[in-house]
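Asks: Okay, here's what each chain looks like letter by letter:
2 protein chains.
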Amino acid sequence: MTDTVQIVLARRPAGDVTADCFREETVDLGAPAEGQILIRSRYLSLDPYMRPRMTELRSYTPPFELDKPLTGGSVGEVVESRNPKFAKGDVVMGMLNWATHTLHDGRGLRRIDPSVAPLSAHLGVLGMPSFTAWYGMKHICKPNAGETVFVSAATGAVGQVAGQLAKLAGARTVGCAGGEEKCAWAVREAGYDACFDHKAERDAGAVLDTLCPQGIDADFENVGGRIFHAVFERMNNFGRIAFCGAISEYQDQTPMAGPTKMFTIVQRRLTIQGFIVSDHVALMGDFVNEVGALVKSGQLKARETVVDGLGKAPSAFMGLLRGENFGKLVVKVA
Amino acid sequence: MTDTVQIVLARRPAGDVTADCFREETVDLGAPAEGQILIRSRYLSLDPYMRPRMTELRSYTPPFELDKPLTGGSVGEVVESRNPKFAKGDVVMGMLNWATHTLHDGRGLRRIDPSVAPLSAHLGVLGMPSFTAWYGMKHICKPNAGETVFVSAATGAVGQVAGQLAKLAGARTVGCAGGEEKCAWAVREAGYDACFDHKAERDAGAVLDTLCPQGIDADFENVGGRIFHAVFERMNNFGRIAFCGAISEYQDQTPMAGPTKMFTIVQRRLTIQGFIVSDHVALMGDFVNEVGALVKSGQLKARETVVDGLGKAPSAFMGLLRGENFGKLVVKVA
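If you read the sequences in order, they're chains A and B. Under this note's numbering, the residues of the first sequence are numbered 769 to 1102, in order. Under this note's numbering, the residues of the second sequence are numbered 769 to 1102, in order.
It is worth saying that the hints were derived from the structure and are not from the lab. Hints are not guaranteed to be accurate.
Identical copies carry no separate label here, and so any pair may be met within one copy or between two of them.
Derived lysine-lysine pairs resembling BS3-like cross-links, with alpha carbons at most 27 Å apart [what the hints assert, rightly or not]: (1) Lys-910 x Lys-1029; (2) Lys-1029 x Lys-1100; (3) Lys-935 x Lys-1100; (4) Lys-967 x Lys-1029; (5) Lys-1069 x Lys-935; (6) Lys-1069 x Lys-967; (7) Lys-967 x Lys-836; (8) Lys-967 x Lys-935; (9) Lys-1029 x Lys-853; (10) Lys-1029 x Lys-856; (11) Lys-935 x Lys-1080; (12) Lys-1069 x Lys-910; (13) Lys-853 x Lys-1064; (14) Lys-935 x Lys-856; (15) Lys-1080 x Lys-1064.
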């Protein structure tokens, strides 16, 4: 008998996610059946894409189910196994419940070597957010030396890696983030040429004109909304927009209109490409080789925020949607 | 001495193009200087892209100059040559003035064989509009058999070819056009599976739901605006949008907002690519081979509207912007 604490979706949010969308409960998972393993979660990743999953949208991942635990990328330890592919003590990564323990059939789980890096890094700079940044930058933005790249959410889990990869490619790299502290870190630690505080600047266009005097050749877009519209207007001929997320829209109840003058796409021969990194798992090996080496050599830095205790996951997630985290947000479950 | 009738840009339009934007005048061009040729225009192509050029926009082609003749793709005959590359009697294609005669240095002109096809075809199904359709369909839309392709302005100079190429690729091909006559032609002659009259249908979304029950995999976009927004909402995963023009925006004085929910681009992993065919002249040979063969074999049909007399070019152009032409619009100059 395993007493498991888990967080379930109590109701779907309408607009802002509120505390009553979640319910913490304690259940007895029972013992693993044949083929199953029992995993104790160590770290849970909180990511913006979870917000659309809370709603019944036609989205790329099925919506979370009501009264069932939410799930998320996690690192955990096998505590009991009736699956020949996993042994007690294995450290694994994959989609687990927002819970202290998950019963799992093992599909989609990957064993990781805990000596390579801190466990939480597998959810950040060596994990999905970083893979997302790498794919979008390398396969869509494709910055050339001397070009200008813009990264919205410059210090987020994805953005911080995207910006550093752009910089390593020799591009002038400009971002925006929420608050002075993040902007200062972006420039000082992540090597951005400039980063502006979107909370303080109301006229994004004017700031972009100053910071990107040669226009913008590639945009790594995580946010959408008014700053995206200002970026869109300033794209250069043959510009590329890697559309990775639109966090500014996730809690909007009235759908937001896109940028004006869609003809700009023709005039400037823009390519706008939406992507989801799970479509590109075949490239995971390339990513691990390239980015792993950059992390090892210290050329790629990563900032994370660790929240202590599963019970804080809901409030931390609500904070994430308000941009309160700094870098990759993970919950230390146990 | 050559008395030339030409049409100059008298003023830049604000909103709808009006007759007073043009002025017809008779000038004496004089004799060709060394290196020049004098060309008598036979056919002048009228195309939507000319509208942005009438305004002082940052666009892909420089704006027309005030009090100078407008220019356009034309077929003409060399009547006098002081350029060793061209002889009297040569039939040439290229950018000429909206005029009975143009003095030209020969750069960018191409000699054509008048026995291959009617002269006006070089401005339509064997020319730039058709090349545009071919490029966008083949290199961006890339329809697979069984997919659904939507073509706005289905019977326009570009759209009619785009739709037929989609159909030849085995796609369900749906379009819209202005008026019953065009829609009937699209289905009967151009082989569209369905074509709806955007002037009669106010609820484009409902019509698209009926005509494209499997959603839309590729959109060849010439128009923009409300129908584009409805198409955008119905794009399938991994959908492609070849953005070729946005005629609905050209005369707008208040910029039009883009489609709502830009996050759709991420959710459905859409690729939206703007293009201008003049960037791809290196592929002109491939186009001529492929499309020339389809025209010759009768697999590709083309409809054109011929307006008789240069003096009618302004009113025909204004009609084009209102969608009054049917197929490729050309002016028979002489």
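Asks: Look at each hint and say if it fits the structure.
Replies: Do the hints match the structure? See the list:
| no. | hint | in the structure |
| --- | --- | --- |
| 1 | Lys-910 x Lys-1029 | both (25 Å within a copy, 25 Å between copies) |
| 2 | Lys-1029 x Lys-1100 | neither (46 Å within a copy, 34 Å between copies) |
| 3 | Lys-935 x Lys-1100 | neither (31 Å within a copy, 55 Å between copies) |
| 4 | Lys-967 x Lys-1029 | both (26 Å within a copy, 22 Å between copies) |
| 5 | Lys-1069 x Lys-935 | within (12 Å within a copy, 51 Å between copies) |
| 6 | Lys-1069 x Lys-967 | within (24 Å within a copy, 56 Å between copies) |
| 7 | Lys-967 x Lys-836 | neither (36 Å within a copy, 49 Å between copies) |
| 8 | Lys-967 x Lys-935 | within (24 Å within a copy, 50 Å between copies) |
| 9 | Lys-1029 x Lys-853 | neither (55 Å within a copy, 43 Å between copies) |
| 10 | Lys-1029 x Lys-856 | neither (58 Å within a copy, 46 Å between copies) |
| 11 | Lys-935 x Lys-1080 | neither (35 Å within a copy, 56 Å between copies) |
| 12 | Lys-1069 x Lys-910 | within (21 Å within a copy, 40 Å between copies) |
| 13 | Lys-853 x Lys-1064 | neither (29 Å within a copy, 63 Å between copies) |
| 14 | Lys-935 x Lys-856 | neither (42 Å within a copy, 58 Å between copies) |
| 15 | Lys-1080 x Lys-1064 | neither (31 Å within a copy, 71 Å between copies) |
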